[in-house]
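**Q** Chain by chain, the residues run as shown.
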Amino acid sequence: MNNEQIRSVIERLETHKTDLYQKDFLLTWEQPIDNLHAVLLAADVLEGLWEANVSTRVFEGGLAVSNFRDKSTRTRFSFAGAASMLGLSAADLDETKSQVAHGETVRETANMISFLTEVIGIRDDIFLGEGHKYQAQVAAAVEQGYREGVLPQRPAVINLQCDQDHPTQSMADLLHLQKNFGSLESLRGKKIAMTWAYSPSYGKPLSVPQGIIALMTRFGMKVTLAHPQGYDLIPEIIDVAGRNAAESGGSFEHTYDMAEAFRDADVVYPKSWASYQVMEERTALLHGGQSGKLDELEKRCLADNERYRDWECTEKFMELTRSGKALYMHCLPADITGVSCAAGEVAATVFERYRPATYNEAKHKSFVIAAMILLTRFAEPGRVLDKLLDQAQPRRLLL
Amino acid sequence: MNNEQIRSVIERLETHKTDLYQKDFLLTWEQPIDNLHAVLLAADVLEGLWEANVSTRVFEGGLAVSNFRDKSTRTRFSFAGAASMLGLSAADLDETKSQVAHGETVRETANMISFLTEVIGIRDDIFLGEGHKYQAQVAAAVEQGYREGVLPQRPAVINLQCDQDHPTQSMADLLHLQKNFGSLESLRGKKIAMTWAYSPSYGKPLSVPQGIIALMTRFGMKVTLAHPQGYDLIPEIIDVAGRNAAESGGSFEHTYDMAEAFRDADVVYPKSWASYQVMEERTALLHGGQSGKLDELEKRCLADNERYRDWECTEKFMELTRSGKALYMHCLPADITGVSCAAGEVAATVFERYRPATYNEAKHKSFVIAAMILLTRFAEPGRVLDKLLDQAQPRRLLL
Amino acid sequence: MNNEQIRSVIERLETHKTDLYQKDFLLTWEQPIDNLHAVLLAADVLEGLWEANVSTRVFEGGLAVSNFRDKSTRTRFSFAGAASMLGLSAADLDETKSQVAHGETVRETANMISFLTEVIGIRDDIFLGEGHKYQAQVAAAVEQGYREGVLPQRPAVINLQCDQDHPTQSMADLLHLQKNFGSLESLRGKKIAMTWAYSPSYGKPLSVPQGIIALMTRFGMKVTLAHPQGYDLIPEIIDVAGRNAAESGGSFEHTYDMAEAFRDADVVYPKSWASYQVMEERTALLHGGQSGKLDELEKRCLADNERYRDWECTEKFMELTRSGKALYMHCLPADITGVSCAAGEVAATVFERYRPATYNEAKHKSFVIAAMILLTRFAEPGRVLDKLLDQAQPRRLLL
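Going down the list, the sequences are from chains A, B and C. Converting from the first sequence to this note's numbering requires adding 609 to each position, the first position being numbered 1. Converting from the second sequence to this note's numbering requires adding 609 to each position, the first position being numbered 1. Converting from the third sequence to this note's numbering requires adding 609 to each position, the first position being numbered 1.
Because the hints were derived from the structure by calculation, they are not lab data. Just to be clear, a hint being listed does not mean it is correct.
[To be verified] Keeping only pairs whose Cα atoms sit at most 30 Å apart, straight-line, the calculated DSSO-like set for lysine-lysine is:
| no. | chain 1 | residue 1 | chain 2 | residue 2 |
| --- | --- | --- | --- | --- |
| 1 | A | 742 | B | 680 |
| 2 | C | 632 | C | 908 |
| 3 | C | 996 | B | 996 |
| 4 | C | 996 | A | 996 |
| 5 | C | 680 | B | 680 |
[As the list claims (entries may be wrong)] Which chain C residues face chain A? A few, computed with CB under 8 Å, are given here:
| no. | residue |
| --- | --- |
| 6 | 717 |
| 7 | 759 |
| 8 | 989 |
| 9 | 992 |
[Said to hold, decoys possible] Label pairs and their in silico Cβ distance ranges:
| no. | chain 1 | residue 1 | chain 2 | residue 2 | range |
| --- | --- | --- | --- | --- | --- |
| 10 | A | 904 | B | 957 | 34 to 44 Å |
| 11 | A | 918 | C | 704 | 23 to 33 Å |
| 12 | B | 704 | C | 873 | 40 to 50 Å |
| 13 | B | 902 | C | 957 | 43 to 53 Å |
| 14 | B | 900 | C | 912 | 24 to 34 Å |
| 15 | C | 868 | B | 900 | 27 to 37 Å |
| 16 | B | 704 | C | 809 | 19 to 29 Å |
Predicted model only: the values in this text are computed from it and were never measured. We put the CB at the ideal spot given by N, CA and C, even for glycine.
Input sequences plus hints: build the corresponding full structure.
**A** What follows is the structure in structure tokens.
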């Protein structure tokens, strides 16, 4: 993007009235649609500024705290990158040896790490029924700390994946779709198939498929969810997707047939997950420390998976899509047949064709996170971005 | 604070002749009183500048190395925050797999991590008789490295808790008292009760009570130390407190009666610890790798603790204090009865009443650490702070 | 160095035509000699600017990713320091719980951590035949990602030690030699003894001796490699050293006699290592997870070592060198007899005499790494350094 194009995206951003300032970003379905538009537009501007070598350093110091309660590589680096481009210092909270059991302690820890902190990014996706709850507690704690005069500023809590949603992923995916089809408007009526896919592993989180069906239904897309019997998502979020579709003029279909989902799809998103019932069982066993029963559960689930080895995104399935050319999406890493496993979610030829596209999809995440920080920390994000463009301070020294 | 108020604190700072430049901050009782005044005043200014959105970035790069030989959450984030607000990059030295056994090796490691380093913060509180010694060795090593021309700059070593003292905590506590009572002068003659309190755990460090009795006696306070028989602090530090009180015109009392300590106290600081005799025994067993005997020691100590369950800071005890309204202090996290444990150091109603106050107490730590860095790294800290105020570079982008 | 001296080093840098821009730094023997000159000169300038308190912040944010597949203290801090002085945020990739098994996955991970990344530093020295291969794969992956438009910039991959070479060490060593003898030119004809030395440990990497013989032979030095029978380096790299010597007009000798190597040497570099045959065996056992056989191998090697306890750099051996005053070098930490072990690589009196010199040798590493980043990320590094000197932005606030 040249400066004029960046300027015009900022102008569009300013047409959206957002209420993210001094707030958090936890679940997309709690966000008014203007906030979602604003995040996409701000992310696009930040990406443009980065590529144009314009510094986006809006802070001269301050902390960006991350708390990864589950493994992470790409989100970790996206968060670190977002912090760095805004001028914040990343600091990771390693809880491995601490006790965060009672509400009281969550409140205290949240305040103790926040005295010089602008944002707290949290990944907490292992225990069903708990991840979002924990993030909301942290958000309430820093809100209270700010109101009580303890915290000089009110850090934003950003969901880097919970048991319900994965908004930095789904918003990056939406930005990818927007760029691919030319505009958000052009997504109306486009069919996206969010389907389960076979994997030789088990226990993959539900947050991605849930995030996708809940978000894409808000933009008038025709969303089809497909999975084998017994691989259910959380029912409340299925309801959310249905309501969103009704409101936006899109549609939401639910099927147990992968081919039906792929038929005439403009976009396919085949990905493995465990059912929420399994996740509930697993959560109970993890809490009980019953590793023997956990092994049994894993065996049972893997055996279940084996019955659905044909849920693989093969060239055959791709041929069913619109003109055989649907956009293939994945949050990565994908289980690629013959590459990262003997049999997996996607055929090697399909994946390789779309590989650079999936990498670009992933790239947006850094900028989406940076946009969320900007929108939650500044009352007038459009003017902030304008000022950065005016200043034109080079990010990388210019001769 | 507005700019004029900040300016007047800087002026007061300039009235104190300090000798911290090119030195370390290890034990408060080794510091001339002017250094202590200067740290408090500089911390206050830095807190004011942060709240006024004035950048305090005195470095454009350079490292702030931390070495945590024991768990830490709040000090870790305080140190990271202080580094970030001054423009340094935090880098943590994880020794888990290295051998730091011989004096030679300490010297070498100290130099190897210091080529681009302005400050080294160390927590080493597990082994009695060793923590301070190690910190002093590191300080001597970088001093030598600087004199030999190996190090381009002489990093300051800052004690983030050792076996003897916890100066970033006690100085933050002192700043809290000063703000609470209006001035350092008004602390003269005020009674502070540093008392042991019951906890269902054992082995908590001695550095906080030792740091408090040694520091508050220097400012004319009436310090009463109370604990059950057998929960002694290091005798040499008891002596330090006595001498300090004699010199400052304050007083230092030592009792085995919690009620006596609380009676008419203006400030109470009830907190669990293990006796130095236990810590000595534990150190020997840890070195000997005798985990069986360590378990025995723990059992014995926990049984001892049980005899003093009534050493809890209840509403009843609080009623004994001046007008029943003493300031309750804690370095956090506190063991709160019915909240974080069945029975602990403090009643839930007492803690909740003072909770925001204890959070504010904790907040000062970031700024105290930043002040220590500033004073040890700059010969004229007052002029540095003046310049920051003059420049008025926003920390967070201003429109 | 004063500004004029710095300016003249920059001028010399500009006489060298380099091709490092948009490339990597993996093995010195793959680099044209101009690149090596340029790294040395740029490192010298950066060291001068640091000491003159001139900011070298050429980036306003962006990541410097490190990936340490083996323990590291000094290289870790050198890399963190280099990142900080250039304005990058260090971010460490901890693979402990990830699977990086297939080429495909290396490619993906390399891209996922690189969206906002300027440099990736990798240490991978444990498995013979693999470290360099992995680094080259990462380099190819980010090159492809950049060409495909996935990465906004092309991060440089820098070898922080592999199975073959340790270029940040050997280049720091070369800078040390240059400073010690006055110029690179004056190294011509000087004799350097790279010798094995006894250590009570086993399995030390080959990368340092290999890096030294391959690099110093390029600058006309008379390089003698000495070790007991059976402690061979990788044969291909022995060949490289021979060819280099022939081309540069230096020489390369290979002996099994430590005294012969020390005789009339201007520089000695006595250091323990395991033979490449042992490293090959060890690699196979590590891959097979055969810890029993690994223990056996260790025992056998330690027993072998015992036969060569007299390979210690004693005062006696030092007397054999030119006027008894050869420069002693070591990459540190050294096994010092009577200090860090009962019997080791070097006598305590020898080491202590050269200790500050070895520390200075180590200091250069930060600046060598920073120079490699500068040269790989900027097409006109000389003009960049000139601009930094012109701007004269203080690194540490000036009054």
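**Q** Sort out which numbered hints this structure fails and list those numbers smallest first.
**A** 2, 13, 15
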